[in-house]
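Participant: Protein chains in written order, with our numbering: chain D, 1207 to 1352; chain A, 127 to 570.
Read the hints as simulated data drawn from the structure, not as lab findings.
Quantities reported herein were computed from a predicted structural model and do not represent experimental measurements.
One thing to keep in mind: the hints can contain errors.
[What the hints assert, rightly or not] Residues from chain A that face chain D, not an exhaustive set, calculated with beta carbons under 8 Å: (1) Val248; (2) Lys271; (3) Glu294; (4) Gly332; (5) Arg335; (6) Thr338; (7) Val340; (8) Tyr342; (9) Ala367; (10) Asp368; (11) Tyr425; (12) Gly428; (13) Leu432; (14) Asp522; (15) Asp526; (16) Phe568.
Using N, Cα and C, we set each Cβ at its ideal position, and we do this for glycine too.
Given next are the chains, with one letter for each unit.
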Amino acid sequence: MGVLKRSRHALAGLALAAAALAPAQAADLVVIVSARSPVTMLRADQVAAIFLGQSARFPDGQEAVPVDQRIGSPLRDEFYARVASKTPALLKAWWSKMVFTGRGQPPAEAPDSAAVRRRVADNPDTVGYIERAALDASVRPVLVVQ
Amino acid sequence: MPPNPFQPSARPYKPRAAVWRFENRHMQHARRGRSLAVSLLALGLTLGAGARAQDSTGPAPTWSLSGFGTLGAVHSSEPNADYTASVLKSSGAGATRRWSMDVDSRLGMQLDLAFDKRWSAVLQVVSEQDLNNSYRPRVEWANVKYQATPELALRVGRIALPMFLSAEYRKVGYVYPWVRPPVEGYGALPFTSSDGVDANYRWSLGPVRNTTQVFYGHADEPLIAPMRAYGRRVTGLANIADWGALSVRASVIGVEATTTLGQALFDALRAAGPAGTALAQAYAIDHKHLHVASIGVNYDPGRWFLMAEASRTHSDSLLGATRSAYVSAGWRHGDFTPYATWSRVAAAGPTSTPGLPLAGLPPALARQAAVLNAGLNALLATIPQQDSASVGLRWDLHADMALKLQYDRVRPHGGSRGTLINQTPGFESGGTAHVASVALDFVY
């Protein structure tokens, strides 16, 4: 349960502005890898397996390191509800099971989409998820979470 | 004993076996050991409040401290025996006292160390009522892990036995929907962990993700002091297959068990000639092989869940052979999860023996032989036979906390006391115990 320093970026502000323009719509979520990663597409079950500690590799065999949004963020709750059908309580139960049987620790967390994007952009083995509005050229969307 | 609001919590889950039940029934020990548990709880809450530090990408060793617990109270209507969650407990609700906080209350703490990307270590200590009515903390997990590849992990040290769907985390009440895993199924082995080595390998077969685990070790379980149970050559193979919302777990475990429990009886039988020696050989737990096989299925698409599990145990000893099974289902409605469970365990072999032949013995000897026969049959009658039906409600009242209410209708039958302990002479098999439980589970 890593803790990154909370930092605000201009792009986070942009994302907020975008969200403000369409207040009635839930933000589209995109799963991202670094623009330098060879991965181009992931299925929802593959993403779920990586984020739930069931798989440590991308389908092409490269090692995969997930980075999470901070606990309690609406983006995070929506992501797990959609890719893994897990509520925050079920997710907590899942990781309690993994941790207390020595099978793994939950992904590191980043404070917001800008921080997730930066971390993913800098690390070709890392995979994260952000609002679609927070996309830029440093990362590549590999799945739109519906 | 007055209820103690600071009593630590826990989810009792140690296997039950006939001998332990027998000794348990015959030995009521002084109540002690509460203060340690209270200090442990205080320590846990203090540390748990802020202590957590981990960044797996950092170069230096990183650590994280976490914990879990249950604060539970149980009421049983059966006045002639105690309902409890594990036979490795000294008392429960019913005969000893109507309300008991010892059945489920427990506190666990875990320290995780990550030295680098490949090496890590875990130490987990749990405090709960044991056979000596002490809350002395016990090491559940203590091992060093080497992640050879993302798929292959090797561990050395103390590792919980991976029996059944929930055995590895049965002490972490927050993880499962019930107040406690079905008592009929989870009591097959007198050992909950083994000291040794294991390997976990993750692999995929099409869309099915598997984890296969093999382990080898030995076990040394403290019983009522100074007695212990020893397990040599604890060998096991387990596989979990996940396919979307479906999870299937199969495992087989073998162990060579030895204990001095019941030794006085078996010594007396051996002194009674060839027939007695043969009985002692047949029933004493002295380098006896014990096998447990189980298969469990969990289907959990999120809105509801269905779990079912079946297991069989076999031992050529007074532990006997049993079959157990349960089915449980529930659905999640916001923060509330109502559920229902049906569970049973039955003997798959004889639960009594004619014992020493009495015909032709002089009256004095015949009386002694009859006493030995009664003692042996008392042991065999502890092979559990029981049905229970349960309904309950889990309320996730906080991200780290769940409150559960559960009602169990427990019916030991076939001359057995089922999973009950501490029965009085007035106990009759075939009756029904109504058990009400409330538990607050938390993780931190």
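Participant: All the hints need checking, so say for each whether the structure fits it.
Facilitator: Against the structure, the hints:
Checking Val248 (chain A) against chain D: minimum C-beta separation of about 5 Å stays under 8 Å; hint holds. About 7 Å separates the beta-carbon of Lys271 (chain A) from the nearest beta-carbon of chain D, less than 8 Å, and the hint is met. At its closest, the beta carbon of Glu294 (chain A) sits 4 Å from a beta carbon of chain D; the interface hint therefore holds under the 8 Å criterion. For Gly332 (chain A), the suggested interface contact is broken, since its CB lies about 12 Å from the closest CB of chain D, more than 8 Å.
The beta carbon of Arg335 (chain A) is positioned within 8 Å of a beta carbon in chain D (closest approach about 5 Å), and the interface hint is therefore held. For Thr338 (chain A), the interface hint is violated, the least distance from its beta-carbon to any beta-carbon of chain D being 13 Å, above 8 Å. This hint is violated: Val340 (chain A) has a C-beta 15 Å from the nearest C-beta of chain D, more than the 8 Å allowed. Among the interface hints, the one on Tyr342 (chain A) is violated; its C-beta lies about 17 Å from the nearest C-beta in chain D, farther than the 8 Å criterion.
At a threshold of 8 Å, the smallest CB-CB gap from Ala367 (chain A) to chain D is about 11 Å, leaving the interface hint violated. The criterion of a C-beta within 8 Å of any C-beta in chain D is met by Asp368 (chain A), whose closest approach is roughly 6 Å, and the hint holds. Using the Cβ-Cβ criterion of 8 Å, the hint placing Tyr425 (chain A) at the interface with chain D is not satisfied: the shortest such distance is roughly 12 Å. Taking 8 Å as the C-beta contact cut-off toward chain D, the hint placing Gly428 (chain A) at the interface holds, the least distance being around 3 Å.
With a cut of 8 Å, the hint placing Leu432 (chain A) at the interface with chain D is violated, because the nearest CB-to-CB distance is about 15 Å. About 4 Å separates the beta-carbon of Asp522 (chain A) from the nearest beta-carbon of chain D, less than 8 Å, and the hint is met. Nearest Cβ of chain D to the Cβ of Asp526 (chain A): about 7 Å, under the 8 Å cut. The hint holds. Taken as an interface hint, Phe568 (chain A) does not check out: its beta carbon lies about 10 Å from the nearest beta carbon of chain D, beyond 8 Å.
Of the numbered hints listed earlier, those contradicted by the structure are 4, 6, 7, 8, 9, 11, 13 and 16.
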